[in-house]
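Let the hints inform the model, and build the full structure from the sequences given.
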Amino acid sequence: MARRAFFWLLPHPFLTILLAVVWILLQNEFSAGMAVFGLILGILIPWGTSIWWPDTPSGFHVGRMFSYSLMVIWDIIKANIEVAWIVLSVSNDKLKPAWIVVPLDLVQPEAITILAGTITLTPGTVSADLSDEGHSLLVHVLHTDDPDSVRDEIKTRYEARLKEIFT
Amino acid sequence: MTGQIIATYAAALSLLIGSGFIMVGVIGLLKFNDPMTRLHAPTKVGTIGIGMLLLASLLHSYAIGGSSMHELLIMAFLFVTAPVSANFIAKVNIHQRSCSTPPEPPEDDTWSTLNSPEGDVEDTASQKG
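Which chain is which? The protein sequence lines are A and B, in order.
Going letter by letter, the first sequence gives residues 137 to 303 in the working numbering.
Going letter by letter, the second sequence gives residues 51 to 179 in the working numbering.
If you're looking for bench data, these hints aren't it; they were derived computationally from the structure.
For glycine and all other residues, C-beta sits at the position ideal for the given N, C-alpha and C.
Derived pair list, reagent style DSS-like, types lysine-lysine, alpha-carbon separation capped at 25 angstroms: (1) 230/A x 214/A; (2) 214/A x 291/A; (3) 141/B x 232/A; (4) 291/A x 232/A; (5) 291/A x 141/B; (6) 232/A x 214/A; (7) 81/B x 230/A; (8) 214/A x 299/A; (9) 232/A x 81/B; (10) 214/A x 81/B.
Residues from chain B shown here face chain A by an in silico Cβ test under 10 angstroms; the list is partial: (11) 71; (12) 74; (13) 87; (14) 98; (15) 120; (16) 123; (17) 126; (18) 150; (19) 152.
Derived CB-CB ranges, DEER-like: (20) 142/A x 115/B: 40 to 48 angstroms; (21) 56/B x 205/A: 25 to 33 angstroms; (22) 63/B x 139/A: 50 to 58 angstroms; (23) 66/B x 168/A: 39 to 47 angstroms; (24) 70/B x 245/A: 32 to 40 angstroms; (25) 183/A x 116/B: 29 to 37 angstroms; (26) 180/A x 69/B: 39 to 47 angstroms; (27) 167/A x 69/B: 35 to 43 angstroms; (28) 63/B x 243/A: 42 to 50 angstroms.
And the structure:
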């Protein structure tokens, strides 16, 4: 009973904390009144909008998400330098852009969204489209000699980790 | 005092690196001749270029004695919104057939952008006929 009351009042507990933290950061200085107001907003907004997202993703590992974010930031820096070199050194007619199709094992929409966002943020690859039933992701690569290895890297490096985050 | 001097120099250095990457992004935008490859340039500017400029702003606010956390929020919002706009530009490119046709997906019928309802297909066919 207490559990049902808790989830009626806080349908998305993680979102509540996130909204409160964003509110405090927006104020730029910490005071108790602002923290309380942030918490009130963090309770009211998820409660008022909960009809539009009925499915809370179950089993979300925050710790693994944190190490995943660090890895992605490192990959972004590394890939930025590679792509900058490609832009400056490879001429247009030698450029080999390619479409690659990544078959998806992930089923949760949130996990697929994070995977597509990661692929776009990493320079050199842009996620372009999802197939109509959601089983594969279309990715455009700027310059590659071996499209299959890019696909395998996305699957082993990002998708396998995201499957562990959303279990 | 030395900490603030180091922060000032570090801010200048990250400004230089950030504007260097933005410069490369602009060169890419001008140089590539295909809409899909051109899309790769802004994703680079959006991540490390803006990231280094925001880092410079953080370091500078530390050097003049204040502290500001807004940069972290800007970074977070940028990382959430940049892939969405890139995805929409890619979808428009596929929809207008302004790029090479993507390969068929292995399991499903078609890509969701190319999946038009039956009525629309008939309408365009009758307009052509």
